[in-house]
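Visitor: Chain A is already provided as a structure; the job is to place chain B on it using the hints.
These protein sequence lines map, in sequence, to chains A and B.
Counting along the first sequence from 1, when you hit position 24 you're at 24 in UniProt numbering, and nothing is skipped either side.
Counting along the second sequence from 1, when you hit position 322 you're at 322 in UniProt numbering, and nothing is skipped either side.
Note that these hints are calculated values from the structure, not bench results.
These numbers come from a predicted model, not from an experiment.
All the pointers check out, no bait thrown in.
No copy labels: a pair is met if it fits in one copy or bridges any two.
Pairs of lysine-lysine, DSS-like flavour, derived with a Cα cap of 27 Å:
1) LYS43 to LYS31
2) LYS31 to LYS275
3) LYS31 to LYS197
4) LYS197 to LYS2
5) LYS2 to LYS31
2 protein chains.
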Amino acid sequence: MKKLINTAGSVVDDALNGMVAAHPTLRVRDKVVYRAEGPRPGKVGLVSGGGSGHEPLHAGFVGYGMLDAACCGEIFTAPVPDPIIEATMGVDGGAGVLHIVKNYTGDVLNFEMAADAVEGVEVASVLVNDDVAVEDSLYTAGRRGTGATLFVEKIAGALAEEGAPLGEVAAVATEVNQRSRSFGIALTSCTPPAAGKPIFDLPEAEVELGIGIHGEPGRRRVPLAPARELADVAMDAIHGDLPLRGDLLVMVNGMGGTPLSELYVVFAEVAAYIKGKGARVTRSLVGNYVTSLDMQGFSVSICLLDETLARLWDAPVETPGLRWGR
Amino acid sequence: MKKLINTAGSVVDDALNGMVAAHPTLRVRDKVVYRAEGPRPGKVGLVSGGGSGHEPLHAGFVGYGMLDAACCGEIFTAPVPDPIIEATMGVDGGAGVLHIVKNYTGDVLNFEMAADAVEGVEVASVLVNDDVAVEDSLYTAGRRGTGATLFVEKIAGALAEEGAPLGEVAAVATEVNQRSRSFGIALTSCTPPAAGKPIFDLPEAEVELGIGIHGEPGRRRVPLAPARELADVAMDAIHGDLPLRGDLLVMVNGMGGTPLSELYVVFAEVAAYIKGKGARVTRSLVGNYVTSLDMQGFSVSICLLDETLARLWDAPVETPGLRWGR
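Excised from the complex, chain A in its bound form (with noise of 0.2 Å):
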């Protein structure tokens, strides 16, 4: 295993330290990522977070327009109660606070203890269930939750920004979930530090359509395919799962590991279908978003987009993983 790391053991600590270094925006504590101008009052919080090793996601969207504070876990590993109840305690503004959590046994437990125990915040929370590769899977009753935990948190994060009460901001970030779809495509395993070598085997000639962002295996493995014919699979999976109609927010993310220039090679595919269907792309991301730490792929995800969902996509943000507008 080679990695650009200290010791396994320190990985995430030292990450996060690098990325406050990084951004003077933001401040850590027990590896909560907040704001460092804290909570604004009147404003609805907005707190994630899940296992790392998925950067970005989730501690590289905290600033203003998106999140509040991320509760960042050991790789692969929910962050436990006691972190996500200081951070839920410590963003409330008086207007509440917002979970938005990717639907994995783990966090979805650990937020509701969190939800349960924190006194004098009133505490909505979204589940983000996106993936339409499996219902159920390794850590995961239900769909899982990935790429479009994104579109959740910069749209919802918008919302709360503009002072919406915490009921409008937890029904735009619904709203977002169920108009979104993902599917993800490995070439590769990721390697975890503590792990030293790769979670699962893919011959060198097959993918895996499906993947999950923790390696969690997809429907099935098939002969690796020009870009095309996988993004067609992803986006016949998507398409059956909720018709493509309309304007669309589209993002292409990459698991880590593989180059941009693969990255605009499947977007083109991508825009290629979805213009034969007759919808439109008029938002798009095209990079590393969500990732599993060194896997090589991709996944899509697109969001059905209405009027007011694109304004609040368009709206400013500032975060390390995404910033327009200031």
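Guide: Only chain B this time, still in chain A's reference frame:
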């Protein structure tokens, strides 16, 4: 070889088509990416380019506040003079055009031939040669141009956007290059699609210090070490060549296959090193900006800022690879 491509021969065109599909502010012709709106009368045009495989450099830096056109060669291959001539004529708004050229023999030669062949457009050139690792290399006489190219393109682009004349834009580009240094370390080789296999062998327990962005040999190979030690090697090389002082712009750049979390681990060490020398990180970038396909590893680039350079760095920019303030 596992890659998200259609064919090895079409990868550059396919990726550029994807970039233009994702970013309607751009258009592409003959592997040259332009701003879609065309030249602005009176603004100095900025043209850069080089071999592909370093994305987002260069095409991903075309847009407001940065480049007007990027000439993309095949993977790791300089663009030929004809598209450079076409790009130079195409972006001229009557105020002349600056060529920003990384110091590789093929690039230097072809940009020079293009500059000589262009008629009716005043052309100035700046050579970027920031890499302190080696004098002369596989494709270079003198030092190689790497990460500082981004600094030059951003800062000169901001000054051009303000309406400064060609002489001033060329002067600030030269100054940024003179004030910048870089050093890279590879954990693995990269695999160009046409080669179909890694272009050099690096044993599992070794890293290459001073790697070039096309896999050119560096200073030496050493056993894999903690991130802190590798960061110190890079920073000692930079500091030994250009002593760190005052306010610094610092980029910890991924080579394409390294996860963001590891780059933040390195950034923490780089920031500690700089603090130890009594200098200050006041601007930073952490991510994949000047890459080598799927290579694992990182480079550090620093620029000694002054007030003017910091102001131009902070100016609004809107490109696929770098965006803020708009």
